[in-house]
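**Student:** The primary structure of each chain is shown beneath.
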Amino acid sequence: MDLDLSAPHSLGTTIIGVTYDGGVVLGADSRTSTGMYVANRASDKITQLTDNVYICRSGSAADSQVISDYVRYFLHQHTIQLGQPSTVKVAANLVRLLSYQNKNMLQMGIIVGGWDKYEGGQIYSVPLGGTILKQPFAIGGSGSSYLYGFFDQAWKEGMSKDEAEKLVVKAVSLAIARDGASGGVVRTVTINADGVTKNFYSGDSLPLWHEELEPHNSLLDILSSSSPEPMST
Amino acid sequence: MSSIGTGYDLSVTTFSPDGRVFQIEYAAKAVDNSGTVIGIKCKDGIVMGVEKLISSKMMLAGSNRRIHAVHRHSGMAVAGLAADGRQIVARAKSEATSYERVYGDPIPVKELADHVASYVHLCTLYWWLRPFGCGIILGGYDRDGPQLYTIEPSGISYRYFGAAIGKGRQAAKTEIEKLKLSEMTCREGIIEVAKIIYGVHDEAKDKAFELEMSWVCDESNRQHQKVPDDLLEEAKAAAKAALEEMDAD
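If you're matching them up, the sequences are chains A and B in order. If you're matching positions, the first sequence starts at 1 in full-length UniProt numbering and goes up one per residue. If you're matching positions, the second sequence starts at 1 in full-length UniProt numbering and goes up one per residue.
Chain B on its own, in the form it takes in the complex (with noise of 0.2 Å):
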């Protein structure tokens, strides 16, 4: 699967013959081993969801947040390192102030993925820093309509109405594309990422896990926010009945 790029792989300054930059590939696989992270777009909204990885039965639920809000109508899901992924929340949380100070209005969900893809394309520039091992879903609602954007290690971003990253992002995608997003409200929506997200997780190879989820939706306000308790749990329900419902077959 991975080649060797045997001396073209020391820096971020060089390319191999074959014209990659291992280094960014191998960031990418730090992105490729964390727990996976799902967005969808539904009519009305976004849902994320992430498979929390817990490395510990002595800690706290609910802590090791790794969905954050940039601002008030947006938020971003982090897979991969979790420190350098505070890093980028914090520059973009720092873009989306100054923008509105600036222009006086929110700043539209494309150009804060645009800023934040800059940022991470800038540290694959340059050989004293090193590229972010982290992938991004950002998703967000402006005057525009809900919109999702990933930015990858290599500062790549592209806009989807469904995307997974992490480790279960293919059989996840796999899901996600069974699903009609354009009919599907973010309430139903928050059901099904619970499935994928359970549906995903490996037990055998990782024990325990945490689902995370956030919304930003016409019935949070458009203002983006940890999905609801009540909402959470009935999600969860769902998605173990459907699970049990897979391995009674």
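Chain A with its partners taken away, still in its complex shape (with noise of 0.2 Å):
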């Protein structure tokens, strides 16, 4: 099958957001692909706007970069004027403004998430056509559908927050295991009072699902147990 090397940079994708007593985690893995071939095997999805709000990203790569620096330019405007920093809520407001007003345009999947001093950790969907919508977690990108069962089962409510991250990094990690368009490394972001927290999960430090095998440099290494002679011309 011939690659086409010119077709748009999508982020295939898993993104997930999720709030916990006190902040929030966002988690993302770093595959963008150019059709089939992988045109970024390490990127990073999750976007900062401002100081506490920070965006995880999926769809066209292009879009979703473009609308981001848009808002983050908005933002520091308004942030400005305010004297203070804007709330999440404005934050996802102006992205699901540009969003629906653009439609026809635009086709990304937006999650943001952030801290303010006066509600707290929170989660915004703006899925594709400029929805917007509050809540306590959210996912997001090709990969999601593989985990729409497992957060039914595994999510509560008032995790901490070394919990919300394992179950964050167990996700995106599941969802690589099964969509090809996710894959690499698993990057999170973790935000509350205190600041800000980036952590990175190589993709050999995640844990093997059903049917993954371990990988190994070459077959060879296995096949040739039987005939240790390498073959003579």
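Be aware that a few hints might be false.
What the hints assert, rightly or not - Computed footprint of chain B on chain A, listed as stretches where at least three residues anywhere in the stretch have a Cβ under 8 Å from a Cβ of chain B:
#	region
1	13-26
2	75-87
Stated by the list, open to error - Simulated crosslink set (EDC-like; lysine to aspartate or glutamate; CA at most 20 Å straight-line):
#	chain 1	residue 1	chain 2	residue 2
3	A	K134	B	E100
4	A	K103	A	E119
5	A	K134	A	D44
6	A	K117	B	E111
7	B	K43	B	D32
8	A	K198	A	D51
9	A	K198	A	D21
10	B	K93	B	D44
11	B	K240	B	E210
12	A	K117	B	D142
13	B	K29	B	D202
14	A	K117	B	D105
15	B	K236	B	E188
16	A	K117	B	D144
17	B	K240	B	E188
18	B	K173	B	E183
19	B	K178	B	D44
20	A	K134	B	D105
Keep in mind the hints are simulated off the structure, nothing from the lab. These figures come from a predicted structure and were not determined experimentally. The beta carbon of each residue, even a glycine, is placed where N, CA and C say it ideally should be.
With the hints in hand, could you dock these two chains into one complex?
**Tutor:** Take a look at the structure:
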């Protein structure tokens, strides 16, 4: 099958945002694909808007990057005028206005997550058409299809920061196992009253799930166990 | 009291040699000659009151409102030229709704005051516009609590816990300073505002007046509204009684 290298870069993706008691944890995989080719296997899909608000991007990489640039710019001006950090709700509303008003031209799903002093940690989902929905947790991207049942069972209200982070990493890892358009490493960003913490989980540090094989350098290592002599001409 | 700005007071774009813009000062006179408007910040909200001077006995009670709602959470009391005030209120309403449309949250009272002050100031910058001849007391309740601002014809805006503009402002300010506002609820504040307005009204110079009051507090669910009729009557009665007591001395 021919690789279509001029296909638009798409964030195949698994993105997740989860609230916990005191803040939010955002998580994502790191695969950016151009058709079947992995254009970037270590991308950072969690983008900063302000000191206290980050977003997870899915869908068209270009669209989500441009929109985050606009919103970052508007929020910066707003913060200066207000004299204090913007709230998460305002950031999410700006994202959804741009998303809704340009719905014919854009293809992206965004999860907005952050912390402010009025409402604490909040997650807002802004999917394809420009809806805005505040949720205790949100999942998005092609890999999220495999996580609905998982979250139904594993999610609970009022988790601790560590529980929330472990849940996010496990979920992204499960989605990577099943979704071809998700892969690479797992990045998380935790936002609370104390600030922002970013974490990185390399691909080989993630657990193996059902029918996943241990990585090998080469199959020849397994095959050559019966005939140790190298083949002669 | 006032100096004559001969020659330097013809246009709002002319400074006098001592750095004053006389047109703006004259605009402020329009405010000083109007009925008293006061506002106080109690511990759970804001109360505003207006001494609405009635020019004709044939006017319907409750008409010619001087206090206007700008948004669910805030209201403005206007002193000075009423028509100018209408314009400012319309602008404030439009600022508030467009802020909410873009940012998804009701406009913070501080932002609203800044926007209105900017607009008033704008009209002092061009020779083909005249300054607004009205002073505004803006009271609102947002997530940072109840706040009270005044906006003068010059475009300056200040935040207060007690403010008075108009004819009886000096006497009103003296009375307000005596109050312990941080311990007062709005229910109690209503009575005090009524007493002050009745107190500063000059029976000799002006004939009749109507007391108009509004509040925005925890009791009104943080919505700006007219003070309920029963409380208003209670306040009026208390104010009249206080006056009689003073006269009796």
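**Student:** So which hints don't hold here, by number, going up?
**Tutor:** Violated hints: 1, 4, 5, 7 and 10; rest satisfied.
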